[in-house]
Amino acid sequence: MPRRGLLLLLAASAPAFAQDAPDVAPAPLSDVAPAAPAMAPVPLAERFVWERRTGLGRRVAAVAVEPVPGGAWVAVDEQGGVWLSEDEGRTWDSVVRPLGGLDTDDLPDDEALLLEAESRRDEALEASAEELEVAAPADATEEDADLPEAPEPDDGALEEASVLGADLAGERADGGASLPVVWAEPGDGTRLFVGRADGVWRSTSAGRTWEHLGEAEDGAPAITCFARAADGALVVGTTDGVRYSVDDGGSFIDVEDATDGARVNSVVVEGGLLWAATSRGLFRSANGLAWDAIPLPDGGDVRAIVPDPAWDQGFWVASRGALHRTDDGGATFYISGRQPLRGLRTLVHLDEPGHLLATSDDGVWESMDGGVVWFAADRRLAEPDVRSLTFSDNGPVIATPSGVWRMVPPRESTRAVRAQTTLSLSDTIAAASQRGGMDIDLLSLSRAGVAAKLMPVLELKFDWDSSGARRASQVSASTTDSFDDSWSAGLQVCWGSCSGVATLAPTGEADPDVNRELYVSNGQVYDEGEPVAAAANVATTIRSYRRYLAEHVADAWIARTRLVAESGTVRSLPLRDQVLHAVQLQELDARLDALTEGAFSKALRTSSPSEESK
Amino acid sequence: MIPLLLALSLSGAASAAEFRTVDEVLVRFEKEPEVRDVQQMVLEYSKTDPRFVNEWLRASKNAAWLPELTVGYDYDSGLDYDFTYEITEDGELEQSGSDSDHGVTVRAKWRLDDLVMSSDRIRVISETQDIVKLRDKILDETTRLYFDRRRLQVDMLLAGGGDLKTQLKNEMRLQELTAQLDAYTGGRFTAALTKKAEK
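Which chain is which? The protein sequence lines are A and B, in order. Start counting the first sequence at 257; every next residue gets the next number (our numbering). Start counting the second sequence at 5; every next residue gets the next number (our numbering).
Here chain B stands alone, though its shape is the one from the complex (with noise of 0.2 Å):
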């Protein structure tokens, strides 16, 4: 409903006559968020944030100087008995004797070749890629999106409202684009929205 509000009162506050300059016109749009805001709500709902992918890239490249570590802690505890048996009825025992054996083991294990290249490495780097390539297209899209509404939002304004049909139509889409908007952003571009105009 907020954005069917806005477009109502873009296109109803406004005549074409009331504008000279670009910048008069542009300026109308400036309780909107930017389309850099909006690309930056893309990338936070869909986790594709340049920032993460360079954290993936540096840790898999820092964690080959990490050791493979191993420790060990063993402990052996015997007990014997000797019995002597003659020809008598019962042994008799002749000697006893116990152990006990502490073991500590500590194994640090680097591998050399993954600092330079490891699967590990290259695993991130090939699904980094993928996350550019998803990144791409939904900026793409979302850019698309954007100044769609934006050319829609500006033929409101300044070619008048037209007959009540091409009103409703064009509202419509502007609905339309703003919800797609809010679907690659989760609601952050309505919400940017609101905000905005109660500023």
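Next comes chain A alone, as it looks inside the complex (with noise of 0.2 Å):
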């Protein structure tokens, strides 16, 4: 992911926040803008799947990776319990201990153990030799020694939580309204914040190491995101306006502005000015103390803001009913697409021109042309609830209720490739070699030979003879006729040339079959009454042609094979070389029908759809 993408991704990033947008219908065309920027070539969701981190087995309300090369993961529990990783989620440490401990409670539940347990069994079906390392969650129980000591359970911090979500009404269920949110801060990449309950807790270490800036007060609201104003101050979003702290989280000013009361659900800074979407509409400030509303075509809930790098003063502002577009630094606004985002948390810009990707608690959503069209980028992610998405050195990294999740290019599993290859490499090679012409079974022809010898020939005879005779005498002057009828049938059976055979019939004779033909068959002279030979000489030339095809059959399976295999890497390629890779699986597959009188292709038209047709 280019950096521009990642840093603007942090600057936008929203922490969970919960409301859900009912459906509006969609806007009429004068309304939209005409004209969308250019395409980015592939859409990520063409590109990629989901793929669960195993490891972290806890409801996890957000994630923030160090934005440096390699840079370490850090999530946050719905307990407010951060966890490190340092090898792209597989493994976690326990670096911050939850509100209220460890207990049983914080055990993985059934529905998570279930997902982990597909994940694993996907892993393990990799065609890939990736060795799997896949950790058992941490053990939190043998590193309680070296952790910051939270504090106990605070009644009235929880309380509080507890009153924040539900003064928030039309919130999710699960209490996401007080949800922990999590912020790697753009920049040398070693300070995060995390803000939960029991107030800000800050690292300089790249997530390592954490300390506790300071306790919240009691009724404090819950912070909602983080975000650096131009002068260096930490400015805090949370669920009662705008915070605002010179001391970098030390403590915060209160100013009563015009955010009071408000929800902030993101604090963005564009052309030097402080962006604040807010549950009250949009919100812009100099100095992050003093508020102006702005106002909006389709205000009221906003839930996100998200600069264009492509254009100068140009960003989008999502709110609950449609995204509005401004190029000129706010100055006016239109509207640039109504299409309905349900539950929309966070909205960021990717590295091509109007490539937007939202999350939101009906999933992940993708648009190429400036959030004129969305579609779905979820497969293979199996928990909709999207909380917060951040970005790896690899790509999108979210959090969900059920973990922590990665887009990695899709690997085909075993099971998929024999899905698609349904016709075995064996299954093949036969189908070709027992084509009309090829399909002698050379055992039996050699047997075939023998047994021709002892079949007899069998010939039935009939013959039929009538004769008539008329006598006349001049000396006796008489006349005498005679008539002579006579019919006979035999059956005959010899063998070999059929001489000196016995003869079963009442008359006739045996009939010496002395005039056979001469043939030449593959450049031999045979006998045409000694077929064995000739036939031996088909079959060695037959066995020759029959190895020829086996070992085309097999490079055009093998060949064939592979390009499936590749076909999840190749999503990542340009579209010529996924064009020319499809064109090449399809020359593969002529190939092989030519081969096998189109049995290959059958056996694919009556498989199954794999999983990755699905």
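The hints are simulated quantities; they were obtained by calculation from the structure and are not laboratory data. Predicted model, so just to flag it, every value in this text is computed and none were measured.
Pairs of lysine-lysine residues, derived as DSS-like cross-links and limited to a Cα-Cα distance of at most 30 Å, are as follows:
#: 1; chain 1: B; residue 1: K35; chain 2: B; residue 2: K200
#: 2; chain 1: B; residue 1: K200; chain 2: B; residue 2: K173
#: 3; chain 1: B; residue 1: K141; chain 2: B; residue 2: K35
#: 4; chain 1: B; residue 1: K51; chain 2: A; residue 2: K858
#: 5; chain 1: B; residue 1: K199; chain 2: A; residue 2: K858
#: 6; chain 1: A; residue 1: K858; chain 2: B; residue 2: K141
#: 7; chain 1: B; residue 1: K113; chain 2: A; residue 2: K709
#: 8; chain 1: B; residue 1: K173; chain 2: B; residue 2: K141
#: 9; chain 1: B; residue 1: K51; chain 2: B; residue 2: K137
#: 10; chain 1: B; residue 1: K137; chain 2: A; residue 2: K858
#: 11; chain 1: B; residue 1: K137; chain 2: B; residue 2: K65
#: 12; chain 1: A; residue 1: K858; chain 2: B; residue 2: K35
#: 13; chain 1: B; residue 1: K113; chain 2: B; residue 2: K65
#: 14; chain 1: B; residue 1: K199; chain 2: B; residue 2: K35
#: 15; chain 1: A; residue 1: K858; chain 2: B; residue 2: K200
#: 16; chain 1: A; residue 1: K709; chain 2: B; residue 2: K65
#: 17; chain 1: B; residue 1: K141; chain 2: B; residue 2: K200
#: 18; chain 1: B; residue 1: K200; chain 2: B; residue 2: K51
#: 19; chain 1: A; residue 1: K858; chain 2: B; residue 2: K65
Once you've looked at the hints, go ahead and assemble the two chains, each given alone in its own frame, into the complex.
Right, here's the structure in full:
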């Protein structure tokens, strides 16, 4: 992921908040921006699938990634526990204990275990020989001694969180309104902040050690997001407006301003100004202390703000019912899209103009045209409730209640490859070798020669004769007539050359069959009465061609299998390479079809669709 | 000329930016014959269709059930006169006779060894084997030509037009591949291109 996209994402990433947005009707065409930015080449949805990172068997509230190459991942669970992974989510270490500590209630629930088991099963099916090092969920009891001491369960703080959650009518039932948040500050990559019910925690060591910056006051609103103002102050969004800190989170200034009473969903720095997306609309501030409401065509609950790096002073503002766009730094707004994104939480801009990614409680959505058209980017994502989105070196990373997920190129499992190549290699070779003209069973061919020698020549014969004679004598003046009719039927069986055979028929005699023809087969001259020698010659030729055919079919079959296995990685290649890959696959199918008289494609058609094609 | 026009329309009507997915590219060729259609055209033109081979093999086996049939008819007609000659000058007819014989012969002969193995069948198998080899060879060649042509089309579609020389070179190569496919199909390939394009 390009650096620019990553930084913008971090600046714009919003923590979890929850308000269900009702579906809205599409806007009239006149309301929609007519010209969409140029399209990016290939959507993420077509190049990647989601993969759950095993090892963190807890309900995750948010995740952040240290914004440096190979940066550590930091996740915060629903109870505020902070977890660190330095191997891209494979294993996790607890670095800040959750409020109330780890106990048996914090163990992974059945659903999480099931998801983890499925994930491990899928990994085991991967064709690649990557070694599985699936770590068990971190055993917090072994690490308690090294963890920063979290205060004992603070009834007040927890109650406050509960009250806040209850106050936000229409929020998610799972208490998402007060879920902890984590923010990796763009810059040196070592500074991270966590906001939870007991206040702000800060790490200046890339998440390895944490300090508690101060106990939250009773009745303090929950922290919803962080941002860094141009003057270096830390700006924090809460469920009751914006707070301002000049000592990097040690204390907060709560100035009475226009955002009071509003839930702040996101704070973004753009054009030297601070912009706040709140439940009461869009606000702008030059210093983080005084805020001005900015009217929108379809205002109300504003969920996210995303600067457009491709357009100076351009950015998008996502409200409950529409996606707004400004090209002049917020002086004017127009609606760039009205496709409903239910429960939108995060909106980020990726590396190509107009390429947007949104997370919501209805999954991950992607737009290639500046938000006019959205499509789901949720292949293999088993959990639609996406609470936060960030980016690692290798692509998007999201937090859901069931864990942390990342986007990876799909690797075909052996099962998927099998499904796409239902005719095994041996069956394919057999189909090629048993075509008409090639389907001689060599063993029975030699047996047939012996059997033919034992088979007789059978002849049925039927004769009928009729003769008549008349005799006239002039001496005796008499005439004598005589007539004679006769017939005979016979069956003749003979072996070999049929000379000197026994005759079973009452009449007739053997007819030696000595007038056989000669013929040429495969360059040899044969007596037609001696087919065995010719058959042996033909069998030798067929055997030789079969060997060639087996090699030819195997080459094509293996090449095709490799291509299918590479299908996942090919999706990250340029479109031309993807097309040529598809054409090559078609060519191999056609070659195998030609050699098997269509049996290969027929097997493919009758097989069940593979997982990838679903 | 038609292939040239089709090729020009393919390369000129689209730009790479129009496409986002593989399917969007490949659908541009849906008005062309599929490779299986082309393979069938080759089989028909070369008379190497597997159906022919299978029929020959079947016929060579079943032929042994038919007997070698011989039907004969004989007819003999005879007339004889007996004369007795005395010392006298003229002979005297003493006796005369005539004969008439009819004979019919029917023979049916089965070589039961031909049901198992016959020289005819061996010869047919040998010939069909040659047909299979020929079929494999020409199908392999036409499949290669078909997809060489398709790859060229994809390149022309996605890589842009290039300079005039490159465009002409690509067009000539496309025509050459089309002509080679026509040679293997007896012109059926271009005919199918035209037919599909008109739909």
